[in-house]
Amino acid sequence: MSTLTTKPTPNALLTGLGTFLRARETSILLALVLVIVVTTIKNPNFLFSSDGFRDLLLTPSILVLVAVGQAIVIITRSVDLSVGSTLGLTAYLTGRLFIDVPGIPIIVVVLAGIALGAVLGLVNGALVAFAKVPALVITLGTLYAYRGINVLWAGSDRVNASDMPKDFLHLGTTSYFSIPLLTIIALVVLVAAAWYMRNTRGGREFYAIGSEPAAAELYGLKVTKRILVAFVACGALTGLAGVLYAARYGTINSQAGSGLELDAVAAAVIGGVAIFGGSGTVWGAALGAVLLLTINRALPILGVPDFWQRAVVGALIIGAIVLDRLLALRQTRKLRETRNDSHE
Amino acid sequence: MSNTVAAAPTRVYRDYGQPYWRRALVTRESGIIALFVIVVLAAIVGVPYFDQPITMTYLLLDVAPILLIALPMTLIIITGEIDLSVASVVGLSSVLLGTLHQAGLPIPLAALVAIFAGAVGGAFNGFLVTVVGLPSLAVTIGTLALYRGLAVGLLGTTAVTDFDPFWTSLAKSKIGDTGVPSIMIPFVILLIVFAVVLHFTPFGRGVYAIGQSSEAASFSGVKVQRTKFILFVLAGAVAAVAGIYYTLRYGSARGDNATGLELQVIAAVLLGGVSIFGGRGALHGVIAGVLLIGVLGSALRLANVTSDVINIITGTLLVLSVVSTSFLVWLHKKQPRNRGIKDGSHAAKA
Amino acid sequence: MLFHQFGTRKARAGAIAAVFVSIALVATGCSSDSSTPAASDGGSGSSDANLSITFLPKNLGNAYFETSDKGGEKAIKEFGGSYAEVGPSEATPDAQVSYINTLTQQGVGAIVVSANDPKAIGGALNDARDAGVKVVTYDSDTDVEYRDVFINQADSAGIAKVQVGLIADQIGDAGEVAILSASANATNQNAWIELMKKEIADNHPDITVVETVYGDDDDQTSFDKTAALLQTHPNLKGIISPTTVGIAAAARYLQTSEYKGKVALTGLGTPNQMRDYVNDGTVTAFALWNPADLGYLASYAAKALIEGTITGAEGDTFDAGDLGSYTVGPDGVVLLGDPYEFNKNNIADFDF
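Residue numbers (the working numbering), protein chains in the order written: chain S, 797 to 1140; chain W, -8 to 341; chain Z, 772 to 1123.
These are computed hints drawn from the structure, not numbers from a lab.
Treat the hints with care, as some may be off.
Covered stretches of chain S (in silico footprint by chain Z; criterion: 3 or more residues with CB under 8 Å from a CB of chain Z, positions within the stretch not fixed) [stated by the list, open to error]: (1) 954 to 960; (2) 1046 to 1059.
Computed list of chain W residues with no C-beta within reach of chain Z, every gap over 10 Å [as the list claims (entries may be wrong)]: (3) I45; (4) Y49; (5) T152; (6) G167; (7) Y241; (8) S243.
Think about it this way: if two alpha-carbon atoms lie no more than 20 Å apart in a straight line, the pair counts; the simulated EDC-like pairs of lysine to aspartate or glutamate are [said to hold, decoys possible]: (9) Z/K932 x Z/E916; (10) S/K962 x Z/D1047; (11) S/K928 x S/E1013; (12) Z/K1033 x S/D847; (13) W/K163 x Z/D901; (14) Z/K1033 x Z/D944; (15) W/K163 x Z/D898; (16) S/K838 x Z/E982; (17) Z/K1008 x Z/E1078; (18) W/K165 x W/D42; (19) Z/K1033 x Z/D940; (20) Z/K1115 x Z/D1102; (21) W/K165 x Z/E1029; (22) Z/K1008 x S/D847; (23) S/K962 x Z/D1051; (24) W/K165 x Z/D898; (25) S/K962 x Z/E1029; (26) Z/K841 x S/D847; (27) Z/K1008 x Z/E1029; (28) Z/K1031 x S/E1013; (29) Z/K1033 x Z/E1085; (30) Z/K845 x Z/E1078; (31) W/K163 x Z/D944; (32) Z/K1031 x Z/D1051.
Glycine included, every Cβ here is placed at the ideal spot set by N, Cα and C.
I would like the entire structure built from these sequences, with the hints used as guidance.
In C-alpha cells:
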C-alpha cells in the first residue's frame, strides 16, 4: 500500500544555489580562477602588473565576441566555420577605409565593419536555410571563398599600424577604471546577447529549433527566418570583432584571423554549448573563450612551451564533450528512474 | 471472393523510365568526370606550358595525399559521419617520422611506427564515436586540435629536413619513362581494394545501408558500430601513409605540415558526388573530383593566377555542388510524376 | 541499389556548369597569355639569353622583401629582362616547393629565392637547374649544392656583432636578453643567432640570453610572443629581433606597455616601419642594409649566370650596374656590403 507523501516545498534559495553550483558555467569559472591563481603564484606579474592585468582582460575580448556569435549558431544546430575569414575581411576593410577615406569618423568604420560581417553571415544563412544544406559544408566553402577574396583584395599589401589614425589605435589599448575598452565592449555585447537568448521569444526559439527542428517547424516557428537571424548575428558580431582586431593589432595582412573558427567552436563547446544544439548559454561560451586564452598565456609561465597550446585545446574539447555525454546519460537514467518510481 | 488472378505479372520491379545506357552514363559521377575532361581540354588549349608531361607529374605528386585520404573519407561520409582530424594525423605521422629518424631509426621502421600511430589515432576517434556515442563532428574537431597540438608540441616549429636523398627521391620517382609518379602504384592498389570492398562485399553494402538508415541497417544484421570503428581506423592509417609520403616528397617533417588538407579532401569528396547526408556516392566520382581541383590549381598557377583565387574557386565549387544537389532534389519533388509501380500489378489489388 | 542515379537534370546542370567553368578558364588563359612574363618558346628578341627572372621571397606581404624585390625589378628593367614575383603567404618550405615546380614548368631564365629552409627546397631547385633554370639565393641561403650563387647582404659575423654591440650599449653591457626570431628553420636567422650567442659568450660575459622565441615572420604572432616574453621574464633588459617583421611588432607592443623605455629593443628593421618608434624613444637604434641594393645585385647576378658570364666559381666577376663590379667569393657567395646603423639622427633621410 503506497502512502501519499507530500514532498516538502523546496527552499527557493537553496534550489537556486544548487542550480548555480551545478551549472556548467560555474565549473568553467572555477577552472578559470584556478588557472589564474596557480599562474600568479608562479609569477605575480601575471595578474598584478598593470600590463598583466590589462592583457588578461584584453586578449580574450575579441574571441569572446566571436564565441558568442558562434554559440548562437551552434544552439540552432548549425555551425559557422567561416568566422576566421570573415574577421580577416572586416579587419582589412577597416584598415582600407582609414587609408582610402582620410578623416572618416571611427563610428562609421565600426558600423561598416559590422555591416560587412552581417552581409557575409547572411550569405551563409541563406544557403543553409533555403538550400537546406548542412551548415558544415556551406561554411567550409565560404571559409575558402572569403579567405580567397581577402587575399585577392589585399594582394600582397598590408595595412600598417602607421596607416591608421592614432585615436583608433588608442582604442585598442585604452582603459577606463583599469578595465580595457575592448573588454567593456565585449561585456556589453555579452550581456545583451545573454538577455536576448534567455528573455525574448526570438532567443527561446533558437533553443527550440536546435532541440528538435522538425517539432519546431510543426509548431509553427519560422525556422528559416530564425536561422537567417542566427547567422547574421554571428556575422555581425564577427564583423565587430574584426574592427576591434584592427584596433588592437594595428597591422593587418591577408591571413588575419586564420584558424580562429577552431578557437571559437572550442570556446563554445568547452563552455557547455552542445554541438547538437538546443542547450548551453552565451555566458558559457564567453567563459570558455576566456579560459582558453588564459590557459594559452599561462602555459609559458608554468614552464610548458607554448607549442603545446593546441594539444591542450584539443584535450579540453574532448574532455568537455565526453563530460557532456556522461552527464546526459546520467540525466536520462535519472529521469528513467523517476518515471519508474512514479509508476509504483 | 474475387478469383481474378492477374496474368502472370509482367514486371514486379520498379520501372525507371529510362533505358539502361542512360541510367549508367548519366549520373552525378559522370557529370563530374565530364566537367573534369572539359577543364583539362580547356587548360591544354588556353594555358601556356600546360601540355607537357611534367605537368601531369607535378599534378599527381601534389594531389597524391588528397587522393589517398579521399578513399577512406568517402566511406566515412557515406555512413553519415565525418572525420576532420585526418590532416592532423598527417602532421603527426610526419613529425613521428622526423623525430624517429633523428633518433636513428631506419626510415622503414619509423614509417611503420607512424602508420601504427595513425591507426591508433583513428581508433580513438572511432572509440569516442561508437562506444561513447559522441557526434563525429565534435569528436574530430577535438582530435583535429589534439593531434595537431601533439605534432607541433613534439617538434616545436623546427623541421627535420636531413632525410637521406634515397628516400626523398624515391618519393618523387616516376615509373620508367611515363612521367607517372611511383606513389600512384600504392594508390591504385588501395583504390582497387576500396572499390572492391565498397561494391562487392557485404561490408561495403553495410556502409551504404548505415548511411541510409543506421537503425534499419542494425536490424538487418549490419554491425553498425564495428563498421564505423573500422572505417575510422582505416582513415587514420591511410592518413599516416599520406603523411609519410608528404614528408619524404617535400623533404621536411614539420608539425604544421598539411594544415587545411582535410578541407580539400572533404571538398573533393563532396564535389565527386558523395552526399553529405550519407547513403550515396561512388569512388570514381571522388577521384574525378580530386583531379578536377588539382587540374584547376595547376592550370591557374601556370597562368600566374594567385593561388588564393584557386581557393575562391574551390570554395565556390563546393558550395555550388551541394546547393545544386539540394536544388535538384527540390525540383524532383515538385514534379508530379508517377514514381510508383507502373505496371499491371496494381490491378491485382482491386 | 549500389549506384543511385538521379536522372538527366543533374547531368544537364553539370554540363552547364562545365561550359561556364571552361569559358572562364579559357578567358583566363587568353588574358594571361598576353600578360605572362615568362618567355615564349620559339625565339624572340635576344638571341639565346632568356632574361625572365622571378623573385621568390620567404613570403609575400613582408615589407623587407617588397623593397628588395623592387630593387630587383629596377635592375631587370635596366637590362631589359622581364620581372615577376611570386611567393607563399606563410613562410614555410613546402609552400615554396610548389612555386619552384611551377617556375620549372614555365621555363624561366632564373629564380631568385630566399630560402625558408636550407635543405627542404633543394630537390625542387635541382630539378629546376636540371631543366636549365639558374638559381640565385638571396637573403637566406640553401646548402651549397642546391644553388648557383648566394647574394649575402652582409657578412654574417658582422651582422651578429653589430646587433650585439647595439644591445650591449643600450643595457649597460649586463643583464638578461631574449631573441625574437622569425621561423625556426630559416637559414639566415639561425646563422646569425649562433654567431650572436658566440659573440656574447666571447666578449660580453655579463649578458645572458634567456630565451629565443619564434614569431614566424607573422605580425600577430610576433606581437603576442613579445607580450609573453615580457610576462615570463620580469628581469628582462633587452630584446634582439633580427627580423624586420619581428622588431616592428615588438616595438608596437612595447610602445603601449609599461616596459617602454625600461626594456631595450634592437635588431634589423626598415626605417619606414621603425620611424615612429625611434622618434618617441621606444627604440634607440637598429641596423640594416639597403634591401633594394640586395635585390638589385641579385638580378645582375642572375643575368650574369644566364648569359654565361659567370658560373658561380670563386673569382668570377660580373658587372652590377650602378653598384659597380662584384666578385664571387668562396662557396659561391657574393657579399653586398656592411650593415648600417639607424638612429634618431639619420632616420629621416631614408625612405624604405
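Consistency of the hints with the structure:
Here the segment 954 to 960 of chain S counts 4 residues with a CB under 8 Å from a CB of chain Z, which clears the bar of 3, and the coverage holds. Interface restraint, the segment 1046 to 1059 of chain S with chain Z: holds (6 residues with C-beta to C-beta distance below 8 Å; minimum three). Annotated as non-interface, W/I45 brings its C-beta within 10 Å of a C-beta of chain Z; the closest such distance is 6 Å. The Cβ of W/Y49 sits about 5 Å from the closest Cβ of chain Z, inside the 10 Å cut-off, so the non-interface label is violated.
The beta carbon of W/T152 is not kept farther than 10 Å from every beta carbon of chain Z, the shortest such distance being approximately 4 Å. The non-interface label for W/G167 is consistent with chain Z: the shortest C-beta to C-beta separation is roughly 18 Å, beyond 10 Å. Interface exclusion of W/Y241 from chain Z breaks down, the closest Cβ pair being 4 Å apart, not more than 10 Å. Distance check on W/S243: its Cβ comes as close as 4 Å (rounded) to a Cβ of chain Z, failing to clear the 10 Å threshold; non-interface status is violated.
Distance check on the hinted pair: Z/K932 and Z/E916 sit about 28 Å apart at the alpha-carbon level, beyond 20 Å; violated. A threshold of 20 Å between alpha carbons decides the hint, and for S/K962 with Z/D1047 the separation of about 12 Å falls inside it, so the pair holds. Between S/K928 and S/E1013, the direct Cα distance comes to roughly 13 Å. Compliance with the 20 Å bound is thereby established for this hinted pair. The straight-line distance between the Cα atoms of Z/K1033 and S/D847 is roughly 14 Å, inside the 20 Å bound, and the hint therefore holds.
For the given pair, W/K163 sits about 15 Å from Z/D901 by alpha-carbon distance, which is consistent with the 20 Å threshold. Under the criterion of a C-alpha separation no larger than 20 Å, the hint pairing Z/K1033 with Z/D944 is consistent with the structure, at around 15 Å. Annotation: proposed proximity of W/K163 to Z/D898 holds, straight-line Cα distance about 11 Å (limit 20 Å). With a C-alpha separation of about 18 Å, the suggested pairing of S/K838 with Z/E982 holds against the 20 Å cut-off.
Only pairs whose Cα atoms come within 20 Å are accepted, and Z/K1008 paired with Z/E1078 is rejected, the gap being roughly 52 Å. For the proposed pair W/K165 and W/D42, the alpha carbon gap of about 18 Å is at most 20 Å, so the pair holds. Distance check on the hinted pair: Z/K1033 and Z/D940 sit about 14 Å apart at the alpha-carbon level, within 20 Å; holds. For the proposed pair Z/K1115 and Z/D1102, the alpha carbon gap of about 38 Å is over 20 Å, so the pair is violated.
Restraint check: the Cα-Cα separation between W/K165 and Z/E1029 comes to about 60 Å, which exceeds 20 Å; the hinted pair is violated. Distance hint between Z/K1008 and S/D847 is fulfilled; the C-alpha atoms sit about 16 Å from each other, no more than 20 Å. At most 20 Å may separate the alpha-carbon atoms for a hinted pair to count; S/K962 and Z/D1051 meet this at roughly 14 Å. Among the hinted pairs, W/K165 with Z/D898 is consistent with the structure: their alpha-carbon atoms are about 13 Å apart, no more than 20 Å.
For the given pair, S/K962 sits about 19 Å from Z/E1029 by alpha-carbon distance, which is consistent with the 20 Å threshold. Between Z/K841 and S/D847 the CA atoms are separated by roughly 40 Å; this puts the pair beyond 20 Å, and the hint is violated. For the hint pairing Z/K1008 with Z/E1029, the CA-to-CA distance comes to about 13 Å; that is within 20 Å, so the pair holds. Taken as a hint, the Z/K1031 and S/E1013 pair is broken in the structure, with Cα atoms around 59 Å apart against an allowance of 20 Å.
For a cut-off of 20 Å, the pair hint linking Z/K1033 to Z/E1085 is broken: about 47 Å separates their Cα positions. With a C-alpha separation of about 19 Å, the suggested pair Z/K845 and Z/E1078 falls inside the 20 Å cut-off, and the hint holds. The straight-line distance between the Cα atoms of W/K163 and Z/D944 is roughly 52 Å, outside the 20 Å bound, and the hint therefore fails. Restraint check for Z/K1031 and Z/D1051: the C-alpha separation of about 10 Å stays at or below 20 Å, so the hint holds.
Taken one by one, the earlier hints fail for this structure at numbers 3, 4, 5, 7, 8, 9, 17, 20, 21, 26, 28, 29, 31, listed in ascending order.
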